[in-house]
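Sequence order for the protein chains is E and R. For the first sequence, the positions run 1 to 464 when the UniProt record's numbering is used. For the second sequence, the positions run 1 to 464 when the UniProt record's numbering is used.
Hints in this document: simulated from the structure, not taken from any laboratory. Treat the hints loosely; a few may be bogus.
To be verified - Calculated pairs, DMTMM-like style, for lysine to aspartate or glutamate (alpha carbon to alpha carbon, straight line, at most 25 angstroms):
{"id": "1", "chain 1": "R", "residue 1": "Lys405", "chain 2": "E", "residue 2": "Asp81"}
{"id": "2", "chain 1": "R", "residue 1": "Lys238", "chain 2": "R", "residue 2": "Glu420"}
{"id": "3", "chain 1": "E", "residue 1": "Lys366", "chain 2": "R", "residue 2": "Asp80"}
{"id": "4", "chain 1": "E", "residue 1": "Lys134", "chain 2": "R", "residue 2": "Glu36"}
{"id": "5", "chain 1": "E", "residue 1": "Lys92", "chain 2": "R", "residue 2": "Asp402"}
{"id": "6", "chain 1": "E", "residue 1": "Lys405", "chain 2": "R", "residue 2": "Glu89"}
{"id": "7", "chain 1": "R", "residue 1": "Lys282", "chain 2": "R", "residue 2": "Asp321"}
{"id": "8", "chain 1": "R", "residue 1": "Lys97", "chain 2": "R", "residue 2": "Glu36"}
Computed from a prediction, not measured in an experiment: that's the story for all the values here.
One letter stands for each residue in the lines below.
There are 2 protein chains.
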Amino acid sequence: MFSVQTYQSRRSTLQKQVSSGVLLFLGNIENPINFEHNTYPFRQDSTFLYYFGIPAPYLAAIIDIDNDKTIIFGNELSIDDIVWTGQQESLKDKSLKCGVQETRPFAQLASYLQQAKKSDRTIHYLPPYQSSNKLLLGELLQVNPKEINPSVPFIKAVVAQRSIKENQEIAEIEKALAVSTEMHLLAMRTAQVSIQERHIAAAIQHYAYDHNCNFAYPPIVTVHGEILHNAYQQNFLKEGDMILNDSGAETAMGYAADLTRTFPVSGRFTTRQRDLYNVVLKAFEGARERLKPGVQFKDVHLLSARHLVEGLVDVGLMKGDPEEAVQAHAHTLFFQCGLGHMMGLDVHDMEDLGEQYVGYTEQEPKDTSTFGLKSLRLGRELQTGFVLTVEPGIYIIPELIDRWKKENKLSQFINYDLLESYRDFGGIRIEDNFLITNDGFRLLGPELIKSVEDIENYRTNHVQ
Amino acid sequence: MFSVQTYQSRRSTLQKQVSSGVLLFLGNIENPINFEHNTYPFRQDSTFLYYFGIPAPYLAAIIDIDNDKTIIFGNELSIDDIVWTGQQESLKDKSLKCGVQETRPFAQLASYLQQAKKSDRTIHYLPPYQSSNKLLLGELLQVNPKEINPSVPFIKAVVAQRSIKENQEIAEIEKALAVSTEMHLLAMRTAQVSIQERHIAAAIQHYAYDHNCNFAYPPIVTVHGEILHNAYQQNFLKEGDMILNDSGAETAMGYAADLTRTFPVSGRFTTRQRDLYNVVLKAFEGARERLKPGVQFKDVHLLSARHLVEGLVDVGLMKGDPEEAVQAHAHTLFFQCGLGHMMGLDVHDMEDLGEQYVGYTEQEPKDTSTFGLKSLRLGRELQTGFVLTVEPGIYIIPELIDRWKKENKLSQFINYDLLESYRDFGGIRIEDNFLITNDGFRLLGPELIKSVEDIENYRTNHVQ
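This is chain E alone, in the form it adopts within the complex:
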């Protein structure tokens, strides 16, 4: 946990911002896998962590702004609990560590809220993402779970605070990145012909766990990098394959890292692989150099797309004027997703609070209909203190090509004939994490090799 003052000061800022009513924070529970008592690893809600820091299940908290009261609701251990789970720090003591003096049994939360409701005070709450909290909110507020109506002022105040990272938060993210960088080098050393993708995932998970971290998200470790969210890890590596490894650690305090590297199984890229890899690298570098306060991330995304198109024209897979191609969204046949997203206590930071508040503003709303842009999680103007990912890629998706080709879609920009010979190419992504600084950006964490030469040399020196 951070210092008592950290949590007190964060809550005090929030309280001033929302100005009246009761702020309700729901912690997470231990979620059942296949029966109630067989549970997934516990992960506290990130906003609860941000304002209270206690990584324990079955807690809730309120900040009663009108009465200037902060209370944590939860149950102290019974002797039966102690037999099963061992003696633990009391809730009282845990609460003192985040500067909260008052704790009450969980069962008293409902009546507290009902009381406030009766006095016509507003109960502010955030959008629940776990079903258990949807059910709980329904019970606490005596409404149908479908009528849950999160508080926009509360959301906006939380987003405003959590978007600007404190130095101690940046240090935590860099801890996650130090571990993640080693995970990626280990993956490069582990990969070899005829092992399964899951072997690599298992090895890097082992490394993360050994270094007091978990995965920040289910890792993508695949020879089919073109499948954007690929959980399948049963393929065997063969000569000529590339591995796309998108994985990052989460520190014990909950801060994430999110890195992607793509490298050849056989130690050397083929000519085609090298050429497209360098196209992605150029798009990555172009985007990175553009990062600074005041720039719209949507423009960085489109700039990166333009670099991709220029490279794809050089290779012969696209044609025509790159600027016009990007305006026509022709690049989305190769780059279907967004350039990046906010990162912090969540790998997609605050995604539970709503992309329209985190990655966009009312003045800069999201384009929710255009293929490509509708998957761009971050579009707004950048500010000093933002932490984000930059992750351009090229993904050759046969089903999408077939669909576009059938419609002869944007054929003025796409060389469908040559593209046919790339059907089995796969996908390439390069991803690092950056802090927006007053005068530009800073790469977070150690520098992780990413040029063709560095990767080939590393693979050659460590495997063959």
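Given the coordinates of chain E, assemble chain R onto it according to the supplied hints.
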């Protein structure tokens, strides 16, 4: 998956058993960790697996007994889905593999059930354990989630079938045990002074994952074996500690193993450790030899408790007549939990369906108030084809001792003075998995070393 015939025949048996109405099966979803799209590893509901075998999220099925119709409800992939998750086998094809011809979009499930409800037909469903299915049931049946009322005839029919394991299921359990046995040997080789508990857990998880398995449950790997459900793994191993390792693999098809071994960090047990270890081993062997059809498992539990008391009297920690001590539940100061439980597709098999139906019968109800017996998950008469665990233990829990001692509880059986000097002793458990056969029992999986001599020799040969 098993053969088409397997699932058809299981469903046909079930259908005959319940005889009328609509049987509703809800599959599991991908559960959010910290926001909707960051999800825990998917695990299909075990009953859904048993009757339909499809390990994919967002499915439901019905067996409409009155109309002799079986339908799987779920959605085929859209082009957007394919971009993100890759081309996959269609729901239609997956359904054919379990012998179901008819599939419909998920959205049609509600109206199908409403229609049946209007015709006053009974909709049978099982107790939901994931909150998402509590919410879904509420919506589908248009009832408050609190008014959910599972079908006892459906539960009983499922329990009757799943309790008697088929040969192919036993083979799967033995696959899980083959991997688990190696995990336990690896743990013994990995443990050494000054590493953290979590290093061992990470190593055995790596092994499981490398062998196409997951953990069947969160592993307990601890120097505080007296804490029965100990998720904490940050302690450093020291000379003189014992490690209690309770961990088991789950195969890709979902079958579990559940093994526990306790071994000394330093390669040799101390005299006190060896003595109590042998007490537990004798209680284990005594219980095992008693396993056969027709025997009440509650009696096996009490027999095992009696062996424990006899051993504890020999050591001097208990006194008086062992039989009387067990009748007075004096052993529960050392053995607070149950001797074992059913095992299969769940590590506590069918625990979601209710212990009163799985581990007990109406004629043999559970004792839900007596400390010790209230934690015995299985009490009923054993039948050929049951698969269960046997796992006696001795757990020295300081908080519990203090409580009993203050009340001078059962002091005719407890030697509290000597016990004080054991306060930091820890805990020991030995656990294997057995099949009940016509004439007794069969140990499932490979034999895993458990005598003091074998463990000390193995530790000596592989570590020091």
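Outcome of the hint check:
no.	hint	result
1	R:Lys405 / E:Asp81	holds, 19 angstroms
2	R:Lys238 / R:Glu420	holds, 21 angstroms
3	E:Lys366 / R:Asp80	holds, 18 angstroms
4	E:Lys134 / R:Glu36	holds, 13 angstroms
5	E:Lys92 / R:Asp402	holds, 22 angstroms
6	E:Lys405 / R:Glu89	holds, 23 angstroms
7	R:Lys282 / R:Asp321	holds, 18 angstroms
8	R:Lys97 / R:Glu36	violated, 30 angstroms
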